[in-house]
Amino acid sequence: MEHILIKTNQLTKRYGTVSVVKGLNLEVKSGEIFGFLGPNGAGKTTTIKMLTGLLDPSEGKASICGYDISKQPTQAKALMAYVPDQPKLYGKLSAREFLHLIAALYRVPKAIIEERADQLLGMFGLGDRVDELLESYSHGMRQKVVLAAALIHQPKVILLDEPTVGLDPASARLLKDVLQEMARQGAAIFISTHILEIAERMCHRVAILKDGLLIAQGSPEQLRQKVGHGGESLEDIFLELTGGHENAELIKSLEEGQGQ
Amino acid sequence: MKIVLPPPLTEPPQEQSFVQDFKLLLTNQMRVSWSKLRNRPVGALIGMVVLLLGLLAMLVYLGFFAYGALKTMSPQTVQGFLSLLFMVGLASQIFFGITAAFATLYMSDDLELLFMSPVPLKVVFAVKSLAVIGSNLFTAILFAFLPGVFYGLLFKAEASYYILVILVGLGLWVIGTALAELINLVVMRIVPPHRSKEAVGFIGALAGIMIALVFQIPNLLISRKDGVNIGDWLAGQEQMLDVMNYFPWGWGSQALVTGISGDFLAGLSWSMLILFLGTFLFVIAFTLLERGFRRGFISLSQGEGGRRRKKRATVVNEKLRQHGNTSFSIINEEVIGTASPWLGMWAVAKKDLLSMKRDTREWFGYLVPLIIMLFFVGQFLFSNAESSRASLITVLIMYTVMFSGNMALQSFGREGESDWLLNSVPLAGWPVVWGKLAAAILPTLLLMEALLVGTALAIGVSTALTFALALGAVLLSLGSSAIGLFYSINNCRYNPDTPQQRISPSASMFMYLINLFFILFLALGMIYLFPPDELTSILQKLPHITFEGGFLSGIIYGLYLLSRPLFWPTTMRILLGIIVTGGVWSLMFFGFMSATVRQSRKGFRVELVTGRKKKKKLGKSKKSR
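These protein sequences, in sequence, are chains D and B. Final position of the first sequence in the working numbering is 260; the numbers increase by one with none missing. Final position of the second sequence in the working numbering is 885; the numbers increase by one with none missing.
This list has only true hints and no planted wrong ones.
Partial list, derived from the structure: chain D residues whose beta carbon lies under 7 Å from chain B:
#1 Leu-54
#2 Tyr-90
#3 Leu-101
If you are wondering where the hints come from, they were derived from the structure by calculation, not from laboratory data. Note that beta-carbon positions come from the ideal geometry of N, C-alpha and C, so glycine has one too.
Build the full structure now, drawing on both the sequences and the hints.
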């Protein structure tokens with residue numbers, strides 16, 4: 001059951017002489033929720049774009065469900081879904097039309113498109129607005145449409161870039177439940193987020209990227225042991241590893257100063 | 261809630277052929293286009309129909325013009341004429357194709373979505389390229405197909421000749437589009453993703469100006485006394501026409517000329533050569549495009565900036581590192597006294613000026629008067645008539661007023677979705693309004709003063725008049741900008757798709773109307789100051805007029821009374837002139853400024869317009885706040 005569904009081998013991306021991702025080696029197994037963390041500009045989105053085939057790596061390779069994303073992109077893409085941080089949709093299509101389009105692109109049989117689209121849109125609370133144009137949707141509603149579209153073709157791998165941005169608490173909770181259910185059914189979930197609480201509660205394993213380099217990888221518990229203290233939250237570990245603890249200490253000292 | 265999800269796929273679905281994927285994406289593209297059309301407001305649809313009718317009328321007119329021109333030429337000259345038309349057509353296709361390619365291949369919001377779907381990139385680019393080809397259809401019909409058709413009709417060609425027309429037309433159409441896509445690759449490489457919208461606005465505006473220039477050329481030629489004969493001109497350009505034969509446009513004309521002479525095979529060879537070159541260029545463009553996107557040579561417009569952004573970030577980080585912990589100590593510092601509101605006013609002005617400087621689309625607002633002036637100066641130089649001088653100065657004055665008002669109209673709409681900022685800072689009232697006025701008027705004045713003085717010097721106006729014009733421009737600009745600001749604060753809007761349209765059309769119309777009255781009343785005061793000899797001599801001959809009741813008589817009598825001060829003693833007349841001019845200007849300027857300040861204190865809202873729906877942000881109306 002524990003197949004490796006996402007694998008990168010020395011994955012590197014360079015723009016001119018500047019390397020934004022440096023020799024990344026990752027493995028995400030079936031049924032695993034994998035958190036991808038890092039400060040702004042660490043290379044998270046570039047990595048996701050290479051995994052989704054939106055960018056060609058400068059070096060190394062990435063495979064999805066055993067298919068090399070550069071050599072067999074069609075097969076790899078057919079088995080995965082991507083949820084970007086900024087949902088760019090066709091403003092002049094309705095949510096229903098959009099889901100039908102995505103289903104057609106992913107070759108979902110016509111007979112079940114209608115039922116599944118309605119089911120997913122209903123699940124995300126969009127049932128009564130399915131025929132409205134997407135241009136009239138708020139950011140959160142668009143995000144829900146993208147999430148529904150990501151699930152319509154039963155992907156084996158889901159890559160999410162800051163998926164909870166713009167979602168209300170109920171929808172964010174629903175998303176977590178959906179992802180956990182997907183993982184339980186054997187899908188691999190790759191989630192990039194800044195909300196460390198989500199990563200700590202949901203993810204089986206996390207990886208921390210800094211300046212394009214993978215600086216830590218493992219379960220939150222393993223990371224705690226690695227840092228060598230114990231009892232810290234993932235936020236403390238993250239700040240310690242990425243150098244953000246200096247700022248945290250400064251803020252703490254300011255708070256103490258105000259308290260005096 | 262129990263979540264019921266179908267289990268993930270174990271195997272990818274069976275692959276489809278290129279044709280199946282192409283049909284799928286094309287259907288989607290057409291569905292989106294149809295949906296866009298269906299959801300346009302009725303006014304826009306009517307506008308499109310009117311535009312289409314206008315284009316058809318132009319097509320018919322140009323067709324007849326070309327047909328008439330062909331009739332008067334010898335066969336050799338016809339070949340040159342056709343070469344020339346094909347060359348102009350190719351240039352137009354490349355130019356307009358670049359805009360279309362840039363918008364379709366770089367700025368299209370659906371690219372990321374399509375790249376992510378399990379459809380080969382080749383299919384995505386095939387559909388997108390089809391859209392670019394489609395955008396060149398009108399230019400191709402006009403400059404690649406119709407000349408051949410008219411040529412055939414004129415010389416009563418056989419049916420087989422029209423096969424050559426189709427082949428040549430198709431070849432030129434594909435060459436134009438392929439070259440546009442190739443040049444667009446360079447443009448996409450130069451323009452960073454975050455400035456793509458500006459770039460397309462820039463290219464579009466450039467295209468608009470070129471069209472305006474092209475349409476003005478016949479006017480300028482017609483106004484020449486000696487006239488221009490294209491046939492005669494071409495007959496004297498043998499060397500140039502010979503050189504043209506080495507290029508695709510020359511091959512096209514040779515194909516048609518040999519074809520119509522009965523040598524179908526020779527014509528076919530030339531046609532196939534064009535078609536082959538077109539296909540070859542298209543394949544190169546297509547391959548480079550696909551590889552460019554895949555390898556990150558070209559990034560999606562919604563992507564990251566890459567190298568440049570990275571380097572800048574490093575510099576900033578270095579600066580922060582040098583400051584170290586001191587940045588946090590600011591929080592603990594004691595509160596110092598507030599600075600002068602003039603600083604806030606200048607901050608508002610500077611923000612707008614920087615925005616104008618950094619957004620290339622803003623520049624075109626200032627280029628339009630330059631181009632219009634260029635035409636008037638051109639016409640003045642061409643016709644060299646004395647009457648042109650007076651009309652040129654009048655146009656300059658009128659334009660100063662309208663242009664200033666128009667630029668001020670953009671002021672509050674420029675805030676776009678950031679309108680909350682100026683409403684939330686403790687600056688509302690005169691610092692904001694005067695800041696906006698300063699930003700609107702500084703570049704306008706600089707440009708209009710340069711234009712007025714430059715044109716006045718170029719056409720040889722006296723120094724006194726030049727000085728008066730310069731002073732007048734300042735006053736007119738200030739007054740007109742105050743009117744513009746008032747309408748801007750009350751009617752500003754923002755549409756993310758067309759961010760340069762920042763005002764409702766009705767408010768714009770009203771602003772122009774009020775400006776006309778402003779000029780009219782100012783002109784009255786100016787007449788008292790500098791009475792024109794022609795007017796006083798006419799008025800002297802007028803009999804005494806009395807009010808006989810009724811509206812018309814009232815108006816005539818009113819005008820009569822207004823004209824009387826022209827015959828007062830000079831001191832009294834000038835005094836009245838100063839009072840009227842100064843009074844009208846002060847009333848308009850300070851009146852509209854204080855009304856704008858009052859509205860700024862109440863708060864202003866930029867109306868958000870998206871598609872056919874428009875909504876007010878935060879509250880139903882300004883008054884409800």
